[in-house]
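Below are the chains, spelled out letter by letter.
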Amino acid sequence: MPRTSTVESPGCPPLRALTTDSLGLIKVVEVRGKGGGTPQVVETWGPPDASRSVLATSYADRKKDPVLAVARKNGLIEFLNPLKGDVLTTIKASESGSTDQSASANDLLVGLHFFKSKQEDSSSMLGTLLTCTEKGKVCIRSVGRSDAPSDQSIDSPNEWSVTNGGHVLCSSLDPSENYALFGGKHVELNLWDLNSSKKIWAAKPPRPNNLGISIPTWFTASTFLCKDDHRKIVAGTNQHQVRLYDITSQRRAVISIDFRESPIKAVREDTDGHTVYVGTAIGDLASFDMRTGKMVGCYKGKCCGSIRSIAKHPDLPLIASCGLDSYLRIWDTNKRQLLSAVFLKQHLTSVVIDSHFTAQELEGTKPEEPTSQSEVRDQSDQGGNCDEERSRKSKKKRKDAAGKKEKKMKMHDEEQISGIEDPAEKRLDR
Amino acid sequence: MAKEKKRKAAEEAVDGDDYIEREDKKPKKQKLILASQIKNKEKRSAVYAKLKHEKRVEKHKKIKARDAASKQALELGEEPPEKMVPRTIENTRELDETVCRPDDEELFAGNDADEFSAVLKQQTAPKVLITTCRFNSSRGPAFIKELLSVIPNAQYYKRGTYELKKIVEYAKNKEFTSIIVVHTNRREPDALLLIGLPDGPTAHFRLSNLVLRKDIKNHGNPTSHEPELVLNNFTTRLGHRVGRMIQSLFPQVPNFRGRRVVTFHNQRDFIFFRHHRYVFEVKEKKEGLKDKKSKASQGKTEKKAIARLQECGPRFTLKLVSLQHGTFDTKGGEFEWVHKADMDTSRRRFFI
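Chains A and B, in that order, are what the protein sequence lines are. Here the first sequence is numbered in full-length UniProt numbering, starting from 1 and rising by one per residue. Here the second sequence is numbered in full-length UniProt numbering, starting from 1 and rising by one per residue.
Quick caveat, the hints were computed from the structure, so don't treat them as lab data. Beta carbons: idealized from backbone N, C-alpha and C, even for Gly. Heads up, some of the hints might be wrong.
The calculated lysine-lysine pairs, modelled on DSS-like cross-linking and capped at a C-alpha distance of 25 Å, are [what the hints assert, rightly or not]:
1. K39/B - K59/B
2. K166/B - K335/A
3. K340/B - K300/A
4. K302/A - K319/B
5. K294/A - K331/B
6. K135/A - K199/A
7. K73/A - K39/B
8. K331/B - K204/A
9. K127/B - K55/B
10. K185/A - K172/B
11. K185/A - K127/B
12. K34/A - K63/A
13. K145/B - K319/B
14. K302/A - K165/B
15. K55/B - K41/B
16. K145/B - K121/B
17. K121/B - K185/A
18. K34/A - K73/A
19. K340/B - K302/A
20. K73/A - K41/B
21. K127/B - K300/A
22. K165/B - K135/A
23. K84/A - K73/A
24. K158/B - K214/B
25. K331/B - K300/A
26. K39/B - K64/B
27. K198/A - K135/A
28. K63/A - K135/A
29. K185/A - K214/B
30. K331/B - K135/A
Chain A stretches covered by chain B per the calculated footprint, using a threshold of three residues with CB under 8 Å from any CB of chain B [unchecked claim]:
31. 129-137
32. 281-290
33. 342-352
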């Protein structure tokens, strides 16, 4: 007998998330108000255009100077300021002269990782970027700002190929940013050392079963398990398996768990270092404990579309998931309960949670333009942070006032958001 | 105890009181004996009959009073009291946030970008491939024959033993725009799989209530003109997408002279398919025929144009089971919408 009474979802703690979708729009969803707010769309950036559909995102979650890198289908990579949405710079995905133009035309970007920690020269350089295409071409290059003089010497991009055949479908960067992981269809998991550009480990497929049948390799999602350890890897396959690899012990999977019947589309590790959140193509979201290999539980919340992306809040026990059913859902990880769901009208591709979000309302100071980054960097950290915090807070305040009605309308209008990453930054407010 | 109750109840019946109510010894409580608690069948049915009669009498009284009030109001020239609207499940449908709004720019942009826009903007003509599951028998072939007459530019290919993924590949080579697979279960067509090409979504419908043309009384025979398409009540985002998918099966320029219409009507998540031929007629209607008393009033002949429908073609209902992103791949594909049991939280919640 289906349950015919409605249970009100409890609200979420203050939260800010950015989602990207298949029409190239970036929507900012915020939850204001302590303990029990409903998320609302405060901003939408970008014109709706299918050729600008977002394929991959990477969020440098830093206190000062955060950058959201977005890879689009038309071959451009845009770097945005996640506070305001203005484009800092745009580069072409296939940049280096050695690549053949016709070959790279069909080669879509699969992975994008913006290095958070490497910031050498901040006045002209935005940072370093790692890109990976479907055919396996990986490139590390530094990105200059758009207003930087063009004759500044940029390091030559570092390129190599990860695979001979097959398609790379997933890539991940370890939190210390020294190692990168690639896997895909007919591409076994490879671990590369970025400083020396060498493959240090490759996975081996599991042994054929007693009938002699071996499953073809098809990794659809992968991540590093601990944030301070590059040696443990969790990967999801197309054959609905979640596998744990340990590079110090063996090349085959240490633990392999079968989860229902749909391909695993998103895997995200928890900050405690042993829990992973897994999302499948049919909308099932579950968490596993990788020490034992057992499923902790499923997240029930009427999710009826493929989950494209999961994001974990760094501090709070919250995850956000987004998918093809156009909903951004925020879950509590302790109780596995749905906190709230927002309808964002497009197929969502990814979501990031902004962890430096405060819902405290200060006296409204006008948001300052982050003028020159070097200035901010040279000055005391606090000064720069305060400015940005204040700018974020006052922006929120203004948005709050204006946005409540809009939010409701926007919530109605939200289309399918393919990726919901919640860059939720919640701070002190709880 | 039970005997005591009955005796008391019998006493009350003798007294002429209502069976239903009786007062307990304790003055505070007042127990109500429901008619269903009476174990004796004859007495129980008598009580029920009495109740029913009472209800009917009350209802008649109400209706009479209402009619009298409205008639009086009309005569006096005032406005008649408001007509009561019956409460239906569609009236009380749960507010759905996914309903399409007319002012939604993202909706139009999404429409431009989706897989059907090439057909719907008349850049390609729809070409439909109809096939079946591997074992096809009984009503299946007859249904397919009728489908071929309903959908213009449709071709039937025997299934053979090809895998569906291969069929999708071959159809793409031959430039079809969609595939319809009629699945049979227990000698009855049971499911319909609608696959958009080249990389369109796959919709899986459950088919029920199929009535073939020969079983419809006074049916008509459809012509080969392009039909007009009527899509009713596809309000939500999901419904809009499904509606566009169905629209992409038919040619976009209907031949109005052909007077042929195909209707897909969505109600409570069931999509009803009807196929009619219509004809416009001018009917002379005399006014004041209802008022029998005044013979003196001459009937003014008022000409009204009405449309008469003649049903032709099959009649069936569809229910969406799942909508999958990409061509047919249930194991490895991503689903945009799939019906799950924990989505049915309310009788007033519908998804299309």
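Evaluated hints:
no., hint, result
1, K39/B - K59/B, "violated, 29 Å"
2, K166/B - K335/A, "violated, 45 Å"
3, K340/B - K300/A, "holds, 10 Å"
4, K302/A - K319/B, "holds, 19 Å"
5, K294/A - K331/B, "holds, 23 Å"
6, K135/A - K199/A, "holds, 17 Å"
7, K73/A - K39/B, "violated, 75 Å"
8, K331/B - K204/A, "holds, 24 Å"
9, K127/B - K55/B, "violated, 59 Å"
10, K185/A - K172/B, "holds, 23 Å"
11, K185/A - K127/B, "violated, 33 Å"
12, K34/A - K63/A, "holds, 22 Å"
13, K145/B - K319/B, "holds, 22 Å"
14, K302/A - K165/B, "violated, 29 Å"
15, K55/B - K41/B, "holds, 21 Å"
16, K145/B - K121/B, "violated, 29 Å"
17, K121/B - K185/A, "violated, 36 Å"
18, K34/A - K73/A, "violated, 38 Å"
19, K340/B - K302/A, "holds, 7 Å"
20, K73/A - K41/B, "violated, 76 Å"
21, K127/B - K300/A, "violated, 41 Å"
22, K165/B - K135/A, "holds, 24 Å"
23, K84/A - K73/A, "holds, 23 Å"
24, K158/B - K214/B, "holds, 23 Å"
25, K331/B - K300/A, "holds, 21 Å"
26, K39/B - K64/B, "violated, 37 Å"
27, K198/A - K135/A, "holds, 18 Å"
28, K63/A - K135/A, "violated, 35 Å"
29, K185/A - K214/B, "violated, 51 Å"
30, K331/B - K135/A, "holds, 24 Å"
31, 129-137, "violated (count 0)"
32, 281-290, "holds (count 3)"
33, 342-352, "holds (count 4)"
Hints 1, 2, 7, 9, 11, 14, 16, 17, 18, 20, 21, 26, 28, 29 and 31 from the list above are not met by this structure, while the remaining hints are.
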